[in-house]
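K.L.:
Protein sequence lines, in the order shown, are assigned to chains F and V. Here my numbering is used: the first residue of the first sequence is 20, the next is one more, and so on. Here my numbering is used: the first residue of the second sequence is 87, the next is one more, and so on.
Among these hints, one or two may not hold up.
[Said to hold, decoys possible] Which residues of chain V face chain F? A partial, calculated answer using Cβ under 8 Å:
1) Glu253
2) Arg259
3) Gly262
4) Pro275
[As the list claims (entries may be wrong)] Pairwise CB distance ranges (calculated):
5) V:Gly252 with F:Asp82: 26 to 32 Å
6) F:Thr87 with V:Ser180: 22 to 28 Å
7) V:Pro210 with F:Gly58: 50 to 56 Å
8) V:Gly252 with F:Gly155: 18 to 24 Å
9) F:Leu238 with V:Pro279: 50 to 56 Å
[Stated by the list, open to error] Chain F residues, not near chain V, derived (Cβ > 10 Å throughout):
10) Gln24
11) Asp85
12) Val86
13) Arg188
14) Gly189
15) Asp221
16) Gly251
17) Val316
18) Gly322
19) Phe324
20) Glu337
By construction, these hints were calculated from the structure, which means they are not laboratory data. Think of the CB as a built atom: it goes at the ideal place given N, C-alpha and C, for glycine as much as any other residue.
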Amino acid sequence: MGNIQLKKVNKSFGATQVIPGIDLTINEGEFVVFVGPSGCGKSTLLRLIAGLEDTTSGTIEIDGRDVTGAAPAKRGLAMVFQSYALYPHMTVRNNIAFPLKMAKMDQAGIDKKVTEAARVLNLTNYLDRRPGQLSGGQRQRVAIGRAIVREPSAFLFDEPLSNLDAALRGTMRLEISELHHQLKTTMIYVTHDQVEAMTMADKIVVLNAGNIEQVGSPLDLYHRPDNIFVAGFIGSPRMNFATGEFSKPYNAHTIGVRPEHLKLSTETGTWRGTVGVAEHLGSDTFLHIHVDGIGLVTARVGGDFAVKHGDKVFLTPEEGRVHKFNDKGLAIR
Amino acid sequence: MARAVSTRRTVFFTIVAWIIALVIFFPIFYTIITSFKSETEAIQGFNLIPSGTVESYQAVQAQSNYFKFFLNSVIISVGSTLIALLISVPAAWSMAFSPTNKTKDILMWMLSTKMMPAAAVMVPIYLLFRDFGLLDSRFGLTMMLTMINLPIVVWMLYTYFREIPGEILEASRMDGASLWGEIWYVLTPMAVPGIASTMLLNIILAWNEAFWTIRLTTTNAAPLTAFIASFSSPQGLFWAKLSAASTLAIAPILIMGWFSQKQLVRGLTFGAVK
Chain F
20 MGNIQLKKVN
30 KSFGATQVIP
40 GIDLTINEGE
50 FVVFVGPSGC
60 GKSTLLRLIA
70 GLEDTTSGTI
80 EIDGRDVTGA
90 APAKRGLAMV
100 FQSYALYPHM
110 TVRNNIAFPL
120 KMAKMDQAGI
130 DKKVTEAARV
140 LNLTNYLDRR
150 PGQLSGGQRQ
160 RVAIGRAIVR
170 EPSAFLFDEP
180 LSNLDAALRG
190 TMRLEISELH
200 HQLKTTMIYV
210 THDQVEAMTM
220 ADKIVVLNAG
230 NIEQVGSPLD
240 LYHRPDNIFV
250 AGFIGSPRMN
260 FATGEFSKPY
270 NAHTIGVRPE
280 HLKLSTETGT
290 WRGTVGVAEH
300 LGSDTFLHIH
310 VDGIGLVTAR
320 VGGDFAVKHG
330 DKVFLTPEEG
340 RVHKFNDKGL
350 AIR
Chain V
87 MARAVSTRRT
97 VFFTIVAWII
107 ALVIFFPIFY
117 TIITSFKSET
127 EAIQGFNLIP
137 SGTVESYQAV
147 QAQSNYFKFF
157 LNSVIISVGS
167 TLIALLISVP
177 AAWSMAFSPT
187 NKTKDILMWM
197 LSTKMMPAAA
207 VMVPIYLLFR
217 DFGLLDSRFG
227 LTMMLTMINL
237 PIVVWMLYTY
247 FREIPGEILE
257 ASRMDGASLW
267 GEIWYVLTPM
277 AVPGIASTML
287 LNIILAWNEA
297 FWTIRLTTTN
307 AAPLTAFIAS
317 FSSPQGLFWA
327 KLSAASTLAI
337 APILIMGWFS
347 QKQLVRGLTF
357 GAVK
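With the hints as extra help, turn the sequences into a complete structure.
P.N.:
Printed below as a string of structure tokens:
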């Protein structure tokens, strides 16, 4: 089980409204990612689901049961924190066993579960160490171990990878995704990193200023963003936007073109610009081009596209790849 | 050259620090020396070399029962510390982890009670003690010292608890720990260094407290502070005996402080150097 339903969930801190009222359904077994810029309320929303914050109004249901007023432990959820939040005075074994001990499970049952979790997470050799003697990745695995032994109906992850270095982040991303395939349990994952969101999610919830901007699969959001915010937030590098005379031919207030959907030529094209910084990644090159009337436009070209700083180039948006938005920033389809 | 200058500075400050330490320690040192002098030696003037006689100690022990006072000191200081901790741990926990916008005011108010001179409330407290039959009782004195030191204990624990990341307590809540489970299994073990140094400091403060212990006791509950005081007045001043009594009174706490100095220093600078 692991259906989570939020109905008109509202959260205010004093006079400040952080979440004005959210309706959201998370289905059993889904990997849902809450993504948005910092301060958008995504962590608060997760903490409301966890029960670490009280809702101001609205209801939260888990598997059809109203848990709005229930204590965190009574919701059948497990959470992995950004700082790992391991108990520093306990060994890895006792850290993982802690929730079972609190549930008053017998020692034999605890040992069995801890051994199994340690095996799955490659922690068998570290069971008698303390968190202080482990690397960041290992600590994160202990935190996950502590979560999985409870066999929760859903896992909550609060930016679990942001304290790790880039390489480890990639590995842990795969491990968490793999874990989801093995356990098939609902997972809610909060991140500000849209790459994590795109690569891991079944369903992405894009949040901005406490509101849900759009809910959909990663490719849905990439190809059919509902508004300028989602269009600009999802995709890396960011989508280019143009208004005025540039958008007029498309009958739109604003148009958006992704860097990978701009054709580059040194001879002819729709927009004319001057090459600024070029970022060479080997497989690709990101060119930052100054286009008069638009400003800085990013274009993605092949790794061996030869231009240098100051060269004149022409850009042409690919047919059918231009996103159109009205004056309210909503997509025109 | 920068290196040479900094070495010279280090030497200079080390010497200064030693001088200050010696100046602070000298009265205690001189008390101990005087306690090994005869009364005639003691009033003869400044002299750092005692004859080494223990007659003052014998006289002190013959005149009053040291161990009765010692036991009272132990009961009152340890008792008041334990009661204060029992009250302060939950109090500091709630102020550190679920503060309201009045928390700072409450902390300030608690501290402000320490700013009031004890003499200002002597009469009402004395009358209260008299009316409740608490004069010269260990229980009354333990309660008095608990209340005197409670603000400091709450403040110290609050500072330590603030250093503990709230996420760890939230994790324990997610893991199914009850309120007491959270305090007992997670918070307290993590705060052991802080709690230990608070305990040590409070025992020292309670051990040395003289204003109330002398005024609210006569014989039964009198601790070592009253023991020292009893050697100072009626028959004139007997320096050697007074010094012997003082040495006996401060010895236990000095020894305890010596063995736990590492813990004390760590506790008192916690947060400041982090």
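K.L.:
A range of 50 to 56 Å was offered for this pair. Does it hold for the Cβ distance of Pro210 (chain V) and Gly58 (chain F)?
P.N.:
Since the Cβ atoms of Pro210 (chain V) and Gly58 (chain F) sit about 53 Å apart, the hinted range of 50 to 56 Å holds.
K.L.:
Under the criterion of a CB-CB separation shorter than 8 Å, is Pro275 (chain V) in contact with chain F as hinted?
P.N.:
At about 5 Å, which falls below the 8 Å cut-off, the nearest Cβ of chain F leaves the hint on Pro275 (chain V) intact, so it holds.
K.L.:
State, for the Cβ atoms of Thr87 (chain F) and Ser180 (chain V), whether the hinted interval 22 to 28 Å holds or is violated.
P.N.:
holds (24 Å)
K.L.:
Does Gln24 (chain F) clear chain V by more than 10 Å, comparing its Cβ with all Cβ atoms of that chain?
P.N.:
holds (20 Å)
K.L.:
Would you settle whether the hint for Glu253 (chain V) is holds or violated, based on the nearest Cβ-Cβ distance to chain F being less than 8 Å?
P.N.:
At 4 Å from the nearest chain F Cβ, Glu253 (chain V) passes the 8 Å test, so the hint holds.
K.L.:
Would the non-interface assignment of Asp85 (chain F) survive a Cβ cutoff of 10 Å against chain V?
P.N.:
holds (19 Å)
K.L.:
Within 18 to 24 Å: is that where the Cβ-Cβ distance between Gly252 (chain V) and Gly155 (chain F) falls?
P.N.:
holds (20 Å)
K.L.:
A cut-off of 10 Å on Cβ-Cβ distance, and Gly189 (chain F) was said to be off the interface with chain V. Does that hold?
P.N.:
The claim holds: Gly189 (chain F) sits with its nearest Cβ about 24 Å from chain V, beyond 10 Å.
K.L.:
Should the label of Asp221 (chain F) as a non-interface residue stand, given a Cβ cut-off of 10 Å to chain V?
P.N.:
holds (23 Å)
K.L.:
Closest CB-CB distance from Glu337 (chain F) to chain V, is it above 10 Å?
P.N.:
holds (46 Å)
K.L.:
If I take the minimum Cβ distance from Gly251 (chain F) to any residue of chain V, is it greater than 10 Å?
P.N.:
holds (31 Å)
K.L.:
Verify that the Cβ of Arg188 (chain F) lies farther than 10 Å from every Cβ atom of chain V, and report whether the claim holds or is violated.
P.N.:
With a cut-off of 10 Å, Arg188 (chain F) remains clear of chain V, as the shortest Cβ separation is near 20 Å.
In this structure, none of the earlier numbered hints is contradicted; all agree with it.
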